Amino acid sequence: MNRRSLTAVVGGTLVAAVVITALVALFWTPYDPLKLNFKARLAAPSLTHLMGTDELGRDVFSRLMRGTTASLRVSLMTVLLATGAGVLIGAVSGYLRGWPDRVLMALNDALLAFPGLLLALGLLAVFGASETGIILALALAYMSSVVRVVRGTVLSLREREFVRASRVMGNSELYTLMRHLLPNCLAPVIVMATSMCGWIILAESSLSFLGLGVAPPAPTWGNMLAGSRTYIGQAAWLAIFPGLAISLSLLGINLLGDALRDRLDPRMRRRV
Amino acid sequence: MLRFVASRIGMALPTLLIVALAVFILVRLIPGDPAALMLGDSADAASLAALREQLGLNASWPTQFAIWAGHVLQGDLGQSIANRQPVMPLILDRFAVSAQIVLPAVVLATLVAVPAGMFAAWRQGRMADLALVAGATLLLSLPAFWMGLLLLLLFALKLGWFPVVGFVAFSENPGRALLYLVLPVATLLLHEIGVILRMTRASTLEVLHLDYITHARAKGLPESKVMWRHAFKNSFGPTWTLLGLILGNLLAGIAVIETVFTIPGLGRLLVDAIFARDYPVIQGCLLFIATVYVLVNLVVDLLYPIFDPRVAAK
Amino acid sequence: MTSPVLLDIDALTLAAGHGHTVVSQASMQVSRGEIVGVVGESGSGKTMLGRAIMRLTPQAIDRTGGDIKVEGTSVFALRPAQLRALRGPKVAMVFQEPMTSLTPSLTVGQQLAEGLEQHVPGERATHRDRIEAMLRRVGLADVSRVLDAYPHEFSGGMRQRIMIASAMLLRPALLIADEPTTALDAVIQREVMEMLVELTQENGTAVLLISHDLPMVARYAQRMVVMRRGEIVETGPTSQVLAAPAHEYTRQLLATLPQRRPPRPLATQAPLLSARGLTVEYGARQGWFSKQAGNRVLHGIDLDIHPGEVVAVVGESGSGKTTLGSVLTGLVAPTGGALRYKGQPLAARGAVFNDYRYNCQMVFQDPYSSLDPRMTVSALVAEALRLAPGLTPAQKDDRVADTLQDVGLGGDFGLRYPHELSGGQRQRVAIARALVRRPALLIADEAVSALDVTVRAQVLDLLADLQQRYGFSCLFISHDLGVVEQIADRVIVMQAGRIVEEGVRDAIFDRPREPYTRQLLGAIPMLEATAAGGVRLKWRNDAQASQPLAAVSLT
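Residue numbers (the working numbering), protein chains in the order written: chain A, 243 to 514; chain B, 49 to 362; chain C, 62 to 616.
In isolation and in its complexed conformation, chain A is listed as follows:
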């Protein structure tokens, strides 16, 4: 198996594991993630509690599973929102040029003038720290990158001869946009969306870690890590497992993204 397939397989496996865990956790976890059990506080990992328990006796493994669902849900919603809006705006802007393009780009540049997390923090101050708030804040913060990439792709595709051929055939601008331009934008958008999943998961965990995410007792990876700080000396497993979950997810997404980029972006292919 060559290196490219290995990357895809490992990445795909990790991502699949995360998705499956998230789906399973919707219906079943070994223990109730919210159930307190003072008798088993801060228990080290064992056969009964695979990843130990936290300071309130809750099973870490179950909480981790539920956190997977939360992270995945936030991440998918955000990516869908950011990509959908971004593709629309970027395509329209790139295809029409002229003053609609300039206005949209000015607005987009305004968004881009703020580093991603900063914008998210600022927007959270407005929307409030809830799951919806995070989704909206992150989607707005990352949408501008999608707009930039899509607009750039559309601008370069516009000059490709098959687009000009469509116009010469007498097709309308709208038809050309939908039938020829957008489908050919898919490749960079998919690559970007995959990377974005990773950024969003990281951003969402960071925000939760800072206390600006979903509030306890609902478990997210970020707030589990935040809670682990107090007990880090005595119960290291509280810090290790959530972080491991985030890392493995990010690793899987990064590897999968690399493999996708190799396949879809001809420029990165090794020349002979």
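Just so you know, these hints were derived from the structure itself, not from any lab. It should be emphasised that the depicted structure is a prediction, and the values quoted were computed from it without experimental measurement. Any given hint could be a false lead.
As the list claims (entries may be wrong) - Below, a sample of chain C positions facing chain B; criterion: calculated Cβ distance under 7 Å:
| id | residue |
| --- | --- |
| 1 | R145 |
| 2 | E158 |
| 3 | T161 |
| 4 | H213 |
No residue lacks a Cβ here, since even glycine has one placed at the ideal position from N, Cα and C.
Dock chains B and C against chain A, hints included.
Relative to chain A, chains B and C alone:
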């Protein structure tokens, strides 16, 4: 060349204006009455009215903006609600702290990752390349705050080599200050090495198959000269741009590391202010960080022609 | 005593990683001071052969057999330091793409000095003098400014001169010129090649001239090597190869050279499309205080296209010929002038415009980007019928199948995707798409320029054949007068946005009036049959003395 410099600076100015506008509007969107929040629940109607007058809250938005912009240009970002301190000096102090972590980390990461990335590209497909790429991917998949926690656990708590919490300013006591800096800088360093290495490798690969590299070899130049004189300069552009973006992102993103290591930095200031609904501080931090981001990117843009003279030719 | 054999390639075999042979059992020799040409189309392996001489092949290509000896020593036995000593002083190379062959971030002076500093350590001042002298020799003026400038500030022709200067500075024994002038305009091509030949002869440098352009190689090379799919199929003195080609492929290559057919008598009819005073200006701006003049690309063009005739528009880059095509297809709006279609004025909209739009179709230059990669061949062709009035879906399907059959892509080609087709096949699809409506006018914008010579000949034959059958008018835009000789009834020559000369084909080719036309004609050969059944290449205007090389200035 002069036209290039002028046009870049010219583009930055409207951006700064838009940034200011955006921050202004954003904070006005936060639900609640700023005056009431500033004075607290126990304030009476008269003081509320007086404060509103003073803050210009009764005027129209454009007037408010003008007043606020005027203050900002004089360096006055208002007063913190929480502790009645002027905001600007507070931000500057905290910024100095954050900078002590961010700058060394990014500089060291660049010094390590760029040669490593170029080496990986040079040895594309061989063991060294695969190992470096795998390592870099791994490093950037580990969230910085987790890495920080683990390093804290191992080196501070278990081994006791470094202090667990707190911070000592460099100006006070350089030796002790270094001790407090090592772990946070190391955490950031590891993550950024992953990012920068991959970027450098990718852009070097793009350059290496171009004709001018073969041409340089055809002149009989040694590989080192080919790599550094021809490949590096031309491939560094994208990485250079990335560095600007990284620095900007870290100004806010540093908050997580500051939380892990309990360091009184700028990121933590913003987060605390959000919790405390301390609007002048929120506003000040947003404005300050975004402005620094725009300026950093401006500098990056202005220096770009060193690596790719074609950019200045337009 | 130095042997006259400078380069000796002996049964060289190069293979790419996955077993694909790039060069197979190639053997040839180059003697001191001689010019040897290597001719082949894409995939012939000629470039890799040239690169292998200095061991500059990409990582993925390995030598699996044979040897290359320079001055008696095998290059594969050299240690790294010896190899570096070979590159530059012994063997030098000039590349094809002037745009990417010079390092963008170093000044010209820095790049030129590198070779000297590496191989001839000495005073910087003497280096500078040598460099300046060489730059003047290759035809650049204002030499000190050139030294401090960056490559992107120069045109393609000037960059090639700089490349040649760079290679010749060290007076190598062998110069490998890999498509040195392919990316340049015809007139500049000739100037640069003449300079290259003069310079190498002066210095006693042998030249290995690698190109797909057989006439160009035949003109300058004393001996010729023909390659095909990695193998050398023929070698010999140029005159002999041309006069009595031994291999079938060589004959095929020679057959692709332009052959004139007898002129077609065309009944005079009212023009189908006529343009008067067509002007196109880009970027004119009305500012608040000043008016900025735009860039005028077409200056008042008058043009008539009659039904059933093939009109060729020829010009170099910057002549405005492509813009003319864009205006006529409606992609670009003219800033001034009038168009008439079938006698009616052509407005931006309306019934006449719609009729015109339907009846005027275009074939583009790049077969790799003119087809939407996500559509099948049938879908691509059928799309053109989407807006066709009065055809039922069944009739549309039939029409698509018939047209594909006519272009030679019958059978299951309809189900394939563009990336599964070769360049020539893709152009056939593009032609089918343009012709499926049975338009009155076809505009071919450099439609064959990106194709290999043998494929080009096939596509030109196809176009001529279809034109006879369907009877459409054709506006054939090209930078290559040679291509046009075969297909045109009338020829229009353009330069800098104006029409320089026009007339029937024979008049233009045999009795050109304008100096510019003659210059263009000077770059293309004529075929003359010899008694032995081969051909002899003749160049027009060779009787006239070629003009002394004018110094080319920086701007």
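Hints, verified against the model:
1. A hinted interface residue such as R145 of chain C counts as satisfied when its beta carbon comes closer than 7 Å to some beta carbon of chain B; here the least separation is about 4 Å, so the hint holds.
2. The restraint placing E158 of chain C at the interface with chain B holds, with a minimum CB-CB distance near 6 Å, inside the 7 Å limit.
3. Interface hint status for T161 of chain C: upheld, as the beta-carbon distance to the closest one in chain B is roughly 5 Å, under 7 Å.
4. Nearest Cβ of chain B to the Cβ of H213 of chain C: about 5 Å, under the 7 Å cut. The hint holds.
Violated hints: none; the structure is consistent with every hint.
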